[in-house]
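Novice: Same order as they appear, the protein sequences are chains B and G. Positions 0 to 336 (numbering that gives the first Met the number 0) are the ones given, in order, by the first sequence. Positions 0 to 184 (numbering that gives the first Met the number 0) are the ones given, in order, by the second sequence.
Where hints are given, some of them may not hold.
A few chain B residues facing chain G, derived, Cβ under 7 Å [what the hints assert, rightly or not]:
#, residue
1, Asp-262
2, Arg-265
3, Glu-266
4, Ile-330
5, Ala-333
6, Pro-334
7, Gln-335
8, Gly-336
Restraint ranges, calculated between C-beta atoms of paired labels, are given here [said to hold, decoys possible]:
#, chain 1, residue 1, chain 2, residue 2, range
9, G, His-166, B, Glu-288, 32 to 38 Å
10, B, Asp-29, G, Thr-160, 40 to 46 Å
11, G, Thr-61, B, Gln-206, 50 to 56 Å
12, G, Thr-61, B, Gly-14, 45 to 51 Å
Worth flagging that the hints you see were computed from the coordinates, not collected in a lab. Computed from a predicted model, the values in this text were never measured in an experiment. Ideal placement from N, C-alpha and C gives every residue a C-beta, glycine not left out.
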Amino acid sequence: MPGLNGEPEEAHRMGIDEAFDALQKSVDEDIKKTRLARGRRDLFKEALLKEPDVLETFGSGSLSRSTQLKPIHDVDIVVVYDPDEHPEWGSSGPSAEEALEHIRSQVNRLLSQSKGTHATVVRHTLLRNHAVKCFLDDPDDPEAFTVDVMAALRQPDNSLLIPEQLSARWVPANPEYLINMVAEHQRDWSYFRPLVRLLKQWRLDVQVEGRIKSLVMEVLALQCLPASGNRCQGLKTFFTAAATRVNEGVWDPAGLCGEIQPDLDREGLSAAFAEAADLADQACTAAAEGDTDEALRLWQEIFGEDFPAPAAAPKSTALIGAPALISPRPIKDAPQG
Amino acid sequence: MTTAPVCGARTPIAWWECEPRRLRRDREEIPAHFPDLVFSDEGAGSWEGTLPRWPFGRPEPTHLTDWIGESGLRLRLAYSQAYPMVAPRIIPLDPLPAPFEWTQHIWHVNGDASLCLLQDDVWTGRETVVDLLLKAAGWRIEYALMKYQAIEEMTGSGIVTDHRLDHFLAQPPPPGDGGQDGPAC
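From just these sequences and the hints, can you work out the full model?
Specialist: This is the structure we're talking about:
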């Protein structure tokens, strides 16, 4: 049965929670594809862990933190090597590139499509600055799935040294710190990871100069999303806090890698956060006053068409003696004096 | 010998030094909608020029030019240093409301001869100035309707999206009342 004013009934029945669930569904990767990506990652981890000079392997990147956006094109793994097997590694000089070449030869031997001894999945490999990119599909396919394998040496403080080919150096990093922080926030608040994915998607439509790195949003989420409450209040809190916080720059939370994106348009992103905070505030107010439709429309203004909301109600005919408007109105038809 | 600094003396900071992005936004949005307005950075800054006679979304009524002429409102939009927290003033230059109209609510003109386009706390600082200028364009048409005594008071919210006065403009104005220079009250 159609709903009021000829709109689909579901638009009227849908509450704010259900609308957020629908948005989440549009952002999250299909579970089968996520499992496939994890399976491919685990195949690399298992294969490399059997090597005599490897102490441990673990996943890093957004998939390891469950904050990945779709489509999943690549996964990252870290291979921690035994320093006794590679005494030259960790020092400035050619050893950074040598470590990457070492990974490449191991991957070819273990996993290459023609002669892999563990599996036959890798079609091509490329040396990148910090990792070896392993193509499981045709490298010319823009959707090609890749596994980025990074070499590392464990340090006494549990952080890592990773090779940097371009500078011929080994640089500090601590990907596990971020993984643990995200997991901790998630333990406190089950909405955390899903909302990080929503915010990473939100950033793609923000009007800023240049792009916004996904890690910038993730670190801001760690700093500005609350650890309790509902999604609406959490997002309102986030946008409000992040509008100020981003002005200080977004830095590696482990304190090792410095500013995550030095060329970030802080001013533009701050303005976008402030605008979203304003809309989120209005949406929370509308919801508190029982105007669910208006709240949905405001959230849609923030998150775009993937957020379901009913169409705006048609303008009612002006009535003599109608009560004065008390809610904020667009300037162009706001009361004048 | 150096002169001791005067207690309390400070260098004035223009609003656009604090809000460069806002200035950039205005300088993109306003010319895009109202190409005949010219920006001046004198003082706190202003825009001056003539608005289109019908910058609204719906078709222009057939006899609009008989009511207001070919041109829209000529005005000056004046920023204050409190902008964008405080809305800019819009001062009509042609037609110029008579002083007795400045003090009567029905004309929507403030006591300083600027237009009274917003009531209450509608302006939060994030709205676009374009919407204010659209309201000013609508004010000019309602002003003509007042001058011709087609209406007894202006609408409460302007005519940007409200077509209830359009039917007047579909007909020529009544003869003999003198339009904008005619009797007002």
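Novice: Each hint needs a verdict: does it hold in this structure or not?
Specialist: Comparing the hints with the structure gives:
no.	hint	result
1	Asp-262	17 Å, violated
2	Arg-265	11 Å, violated
3	Glu-266	6 Å, holds
4	Ile-330	4 Å, holds
5	Ala-333	4 Å, holds
6	Pro-334	4 Å, holds
7	Gln-335	5 Å, holds
8	Gly-336	3 Å, holds
9	G:His-166 - B:Glu-288: 32 to 38 Å	36 Å, holds
10	B:Asp-29 - G:Thr-160: 40 to 46 Å	43 Å, holds
11	G:Thr-61 - B:Gln-206: 50 to 56 Å	40 Å, violated
12	G:Thr-61 - B:Gly-14: 45 to 51 Å	48 Å, holds
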